[in-house]
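Position one of the sequence shown corresponds to residue 2 (the working numbering), numbered consecutively onward.
One or more of the hints may lead you astray.
As the list claims (entries may be wrong) - So the derived label-pair ranges between C-beta atoms look like this:
#1 P84 <-> N47: 20 to 26 Å
#2 P19 <-> D53: 18 to 24 Å
#3 A33 <-> D83: 16 to 22 Å
#4 F63 <-> D120: 15 to 21 Å
#5 S121 <-> G221: 50 to 56 Å
Note that these hints are calculated values from the structure, not bench results.
This one's a predicted model, so the numbers in the text were calculated from it and none came from an experiment.
Yeah, the Cβ is synthetic: ideal placement off N, Cα and C, and Gly gets one too.
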Amino acid sequence: MNRNERQSLGVTLRQDWPLVALIATTFLVGAALYPHLPEQVPGHWNVAGEVDRYISRFWGAFLGPLVSLGVYLLMVLLPALDPRQQNYGKFGSSYRVLRLAIPAVLIIIYLVSLAAALDSQINVGMVVQALVSILFIIIGNVMGRIRPTFFVGIRTPWTLADDEVWRKTHRLAAPLWVLAGFLGLVTAILPPPWNALGLLAPLFLAAIVPVVYSYLIYRGR
Numbered sequence: 002m003n004r005n006e007r008q009s010l011g012v013t014l015r016q017d018w019p020l021v022a023l024i025a026t027t028f029l030v031g032a033a034l035y036p037h038l039p040e041q042v043p044g045h046w047n048v049a050g051e052v053d054r055y056i057s058r059f060w061g062a063f064l065g066p067l068v069s070l071g072v073y074l075l076m077v078l079l080p081a082l083d084p085r086q087q088n089y090g091k092f093g094s095s096y097r098v099l100r101l102a103i104p105a106v107l108i109i110i111y112l113v114s115l116a117a118a119l120d121s122q123i124n125v126g127m128v129v130q131a132l133v134s135i136l137f138i139i140i141g142n143v144m145g146r147i148r149p150t151f152f153v154g155i156r157t158p159w160t161l162a163d164d165e166v167w168r169k170t171h172r173l174a175a176p177l178w179v180l181a182g183f184l185g186l187v188t189a190i191l192p193p194p195w196n197a198l199g200l201l202a203p204l205f206l207a208a209i210v211p212v213v214y215s216y217l218i219y220r221g222r
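Generate coordinates for the entire structure from the input sequences, incorporating the hints supplied.
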């Protein structure tokens, strides 16, 4: 990492200080609640909202903060690692939204899982589906402004080969992701398996349709 990249990293961390402080706080929360957690903590819930996997108390307390920190640092470093790093400056504000939103949602999911470990009455499945859906709405709102990169966006052989194909594909994907997020959000209150269907079916289409579209418009150019 050269001097300019180190300076850019410092600026990014200063800009993101609220999230950095929040991540640091989650480690303190995990440490404070650690003595009060059971030996086995719920680690995964099925579509019916039932716990189907447990993890140790240590990982229950600290896995969420570690994952959130790892994801945030990865997103901070990605522009410096990308061969098309100059394009990140063209959608800097949109990338910052992603850099803040994704770890923030992970932190909220972690806090919900901690609360569920202490109170089994929480409907974790519904809350997580709502949070994931909100994240897709956020991503969809900035999708159309993402410029060609190797790490962010819909990266197919055809979008990476042609900037115009990239632009059109992301313009199409943006409203699809927002719509998929809204459908997942409103169906989060449904009983299983309809809640999972309301989330996964729209997200699958929102992921597949832009890929097929990118191929078709690339062939047509």
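Going through the hints against the structure:
The given range of 20 to 26 Å is broken by P84 and N47, whose C-beta atoms sit roughly 41 Å from each other. With their beta carbons about 35 Å apart, P19 and D53 fall outside the hinted range of 18 to 24 Å. Here the CB-CB span from A33 to D83 is close to 38 Å, at odds with the stated 16 to 22 Å. A C-beta distance of roughly 20 Å is found between F63 and D120, which places it inside the suggested range of 15 to 21 Å.
The hinted window of 50 to 56 Å between S121 and G221 holds, with their beta carbons roughly 55 Å apart.
Hints 1, 2, 3, counting from the list given before, are not met by this structure.
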